Amino acid sequence: MKFSEWLPELRLLLSDYNFSKTELLIVIVIISLVYRLPNILTHRREMAVIKADFAFKGTKLRSQLELQKAKRLSKSSKGKK
Amino acid sequence: MFISLFGWIGVLALGVMFVVAFGIYCRARTLSNGIMTFASNEFHDAATSLLKTPDELPDSIITALEKMNTVAQNSNASGRLLYAMKRSEASTSQNDGIGHELDNMRPELKELFLKAVTGWLNYVSHQNVVNNVRINFAVMRLKSQGLHSAEAEEQVGFKFIMGRPNSAC
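Heads up: the protein sequence lines correspond to chains Z and R, in order.
Sequential numbering of the first sequence, starting at 327, is according to my numbering.
Sequential numbering of the second sequence, starting at 4, is according to my numbering.
These are calculated hints, taken from the structure and not from any lab test.
Some hints could be false.
Claimed, not checked - The list that follows gives simulated cross-link-like pairs (lysine-lysine, DSSO-like), each with its CA atoms no further than 30 Å apart:
#	chain 1	residue 1	chain 2	residue 2
1	Z	328	R	89
2	R	113	Z	328
3	R	55	Z	397
4	Z	404	R	89
5	Z	404	R	118
6	Z	401	R	70
7	Z	328	R	70
8	R	113	R	70
9	R	89	Z	397
10	Z	401	R	89
11	R	70	Z	404
12	Z	395	R	118
13	R	55	Z	328
14	Z	328	R	118
15	R	118	Z	347
16	Z	377	R	55
Unchecked claim - Examples of chain R residues toward chain Z, derived with CB under 7 Å:
#	residue
17	14
18	32
19	41
20	43
21	50
22	52
23	54
24	56
25	63
26	86
27	136
28	140
Since we're looking at a predicted model, the values are computed, not measured.
Note that CB positions come from ideal geometry on N, CA and C, so glycine has one too.
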């Protein structure tokens with residue numbers, strides 16, 4: 327079926343169900359969202375894992391940095407005495 | 004008749020555009036997650052390697068690493084990076100201090116620090132797909148000013164780390 331024939335056919339079908347253009351757009355958006363939902367949820371889970379991993383490593387790094395700062399502080403205070 | 008037909012085509016085109024844009028977003032998110040994993044490892048490996056020789060590190064480098072670590076764990080870090088970049092875009096002298104100390108460091112350590120900055124920038128910017136595109140444009144702007152790719156990324160990182168520390172953290 328050609329596009330020029332297919333479009334009026336679709337219009338007739340939609341008008342049978344009292345569908346407006348806005349409603350058609352909303353339906354397309356909802357279908358695409360539902361279709362992609364598993365993908366989005368997987369991405370969010372993956373990102374949460376990456377962030378948790380960064381936070382875990384970041385805690386270790388922060389403790390190392392704080393230790394280093396404390397050492398420098400004690401060295402400088404000893405130097406003043 | 005023509006106008007109403009065009010309207011329906013327009014609505015369908017809009018729907019198709021949304022579906023395609025959504026598909027591109029999902030694909031970009033997949034790539035971003037991969038890059039974030041790599042960048043996170045790059046940042047932590049470089050930072051850990053730097054801390055193996057702590058006596059050779061100036062205070063400003065330690066502070067910068069601490070700041071990078073804190074900022075990367077903030078929510079909406081990429082948005083804050085973008086905001087800070089816009090605020091500090093006009094000024095170029097803010098990274099002079101750290102730049103001077105970097106020049107005095109051993110080349111191996113300097114390279115490691117720059118690797119940490121690049122990793123951190125990639126981690127933060129890829130947290131949000133839209134912000135990543137905008138950050139890339141900012142990097143491209145710097146490249147157009149004559150900086151090489153790595154240099155431009157470092158400049159953006161420096162601007163954020165050293166530019167507005169209080170508002171960023």
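Hint check, failures only: Failing hints, ascending: 1, 2, 4, 5, 7, 9, 10, 13, 14, 15, 19, 22, 24, 25, 26, 27 and 28.
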